[in-house]
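Number of protein chains: 4
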Amino acid sequence: MDERIIAEILKFRDERGWKQYHNPKDLAISLSLEVAELLENFQWSSSEEAVSKRIPNIREELADVLIYSVLFAEAVGLDLNDIIMEKLSMNNQKYPIEKAFGKKEKYTEL
Amino acid sequence: MDERIIAEILKFRDERGWKQYHNPKDLAISLSLEVAELLENFQWSSSEEAVSKRIPNIREELADVLIYSVLFAEAVGLDLNDIIMEKLSMNNQKYPIEKAFGKKEKYTEL
Amino acid sequence: MDERIIAEILKFRDERGWKQYHNPKDLAISLSLEVAELLENFQWSSSEEAVSKRIPNIREELADVLIYSVLFAEAVGLDLNDIIMEKLSMNNQKYPIEKAFGKKEKYTEL
Amino acid sequence: MDERIIAEILKFRDERGWKQYHNPKDLAISLSLEVAELLENFQWSSSEEAVSKRIPNIREELADVLIYSVLFAEAVGLDLNDIIMEKLSMNNQKYPIEKAFGKKEKYTEL
Numbered sequence: 001m002d003e004r005i006i007a008e009i010l011k012f013r014d015e016r017g018w019k020q021y022h023n024p025k026d027l028a029i030s031l032s033l034e035v036a037e038l039l040e041n042f043q044w045s046s047s048e049e050a051v052s053k054r055i056p057n058i059r060e061e062l063a064d065v066l067i068y069s070v071l072f073a074e075a076v077g078l079d080l081n082d083i084i085m086e087k088l089s090m091n092n093q094k095y096p097i098e099k100a101f102g103k104k105e106k107y108t109e110l
Numbered sequence: 001m002d003e004r005i006i007a008e009i010l011k012f013r014d015e016r017g018w019k020q021y022h023n024p025k026d027l028a029i030s031l032s033l034e035v036a037e038l039l040e041n042f043q044w045s046s047s048e049e050a051v052s053k054r055i056p057n058i059r060e061e062l063a064d065v066l067i068y069s070v071l072f073a074e075a076v077g078l079d080l081n082d083i084i085m086e087k088l089s090m091n092n093q094k095y096p097i098e099k100a101f102g103k104k105e106k107y108t109e110l
Numbered sequence: 001m002d003e004r005i006i007a008e009i010l011k012f013r014d015e016r017g018w019k020q021y022h023n024p025k026d027l028a029i030s031l032s033l034e035v036a037e038l039l040e041n042f043q044w045s046s047s048e049e050a051v052s053k054r055i056p057n058i059r060e061e062l063a064d065v066l067i068y069s070v071l072f073a074e075a076v077g078l079d080l081n082d083i084i085m086e087k088l089s090m091n092n093q094k095y096p097i098e099k100a101f102g103k104k105e106k107y108t109e110l
Numbered sequence: 001m002d003e004r005i006i007a008e009i010l011k012f013r014d015e016r017g018w019k020q021y022h023n024p025k026d027l028a029i030s031l032s033l034e035v036a037e038l039l040e041n042f043q044w045s046s047s048e049e050a051v052s053k054r055i056p057n058i059r060e061e062l063a064d065v066l067i068y069s070v071l072f073a074e075a076v077g078l079d080l081n082d083i084i085m086e087k088l089s090m091n092n093q094k095y096p097i098e099k100a101f102g103k104k105e106k107y108t109e110l
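Residue numbers (this note's numbering), protein chains in the order written: chain A, 1 to 110; chain B, 1 to 110; chain C, 1 to 110; chain D, 1 to 110.
Worth flagging that the hints you see were computed from the coordinates, not collected in a lab. On a predicted model such as this, the values are computed, not experimentally measured, just so you know.
Here are the simulated SDA-like cross-link-like pairs (lysine to any residue), alpha carbons at most 25 Å apart as the crow flies:
(1) B:K87 / B:E3
(2) D:K94 / D:K104
(3) A:K11 / B:N81
(4) A:K87 / A:L110
(5) A:K19 / B:M90
(6) D:K106 / D:E86
(7) B:K11 / C:S45
(8) A:K19 / D:W44
(9) A:K104 / D:V76
(10) B:K103 / A:E15
(11) D:K19 / D:A75
(12) B:K87 / A:E74
(13) A:K87 / A:A75
(14) B:K11 / A:Y95
(15) C:K11 / C:G77
(16) B:K104 / A:L10
(17) B:K19 / A:N92
Extracted from the complex, chain A is given alone in its bound form (with noise of 0.2 Å):
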């Protein structure tokens, strides 16, 4: 996801005078609605039939996800890749390789 792919989204909503609607609390709920429009997609299906039939929406949903991730990321002052580094190592920490290798437990049953 490009810098440039942020400016547009943060553009977008600058253009449409929407800053003053984002506070974090909002824009966690919104994260909350559009996951579950992707999840939509899978209800009473299969992976593979949801894939087959459904992808237009699921492009556009996992699009709204991450559109709303970055919001919440401006709106509280974090730096995406800056997070995403520090937890994966804490999930290193948690799911050592040769604990975790082919597992799918929780850390707490590991």
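Chain A is already provided as a structure; the job is to place chains B, C and D on it using the hints.
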């Protein structure tokens, strides 16, 4: 979000042999769980209170949302930049600046 | 769900002086968090596996969903029986038996 | 929520031959989608604004949450009254009145 970061996310998954579990339906469910963990920081709290007290967890949970978004996109074969530009273009049709400026209403109510 | 059970839920809240926090928006957020905790039992698992291994947590989280539903209804002034009968009546219009029998499609696709 | 209402919900399902789709995982996903639709009424709005403008949709979506809760409980074999009383009892241990009165903090922070 660099290409380099996306590569780190996929490498983390593959070092642990986790791709076998990453079908799109369960990845969409995972996205839903992580967004709820982000939203939890705002339960019973204003944006201000949440941001002043819970930044470490907010950073962690937003990172999880981004990580699962990358894993989902890779599992389904979607390009993050493409789908975002496509959605911004659709949103421009639904929310033309002259109609939507300063308004929070959904496009169906404009 | 007895009237007696609903009374216990409200009494639990009032014994702890919690009504002051129970505005509808935060109660809707709470419902969202509890449903995610219920759904977590099914992450990476089939229905069969989740039900065979995680019934205690499933019981707990579904109870939380019901408890917050009762608290939300009380905060907004809704009667559970009334709103359910109203929705079943609406659903009967959207999903008449002759059109909907055996089909999982949304009414917009029938 | 009467036994009679629960019977109506199950009859509605069976008249339409829908039980075949109602595995617990997809019912948990459905609960997640309906809670999001309830929460949507509060996006960008205070509780007061949402309740003054959107009661019809709030009634509808809370009804859907209750309907899916009943369907989920029936699919898994849970008694609504039992699980609620059990959870209130657990909550009484986590949130004794003398420690929890007037406080919104999670039990881990009391």
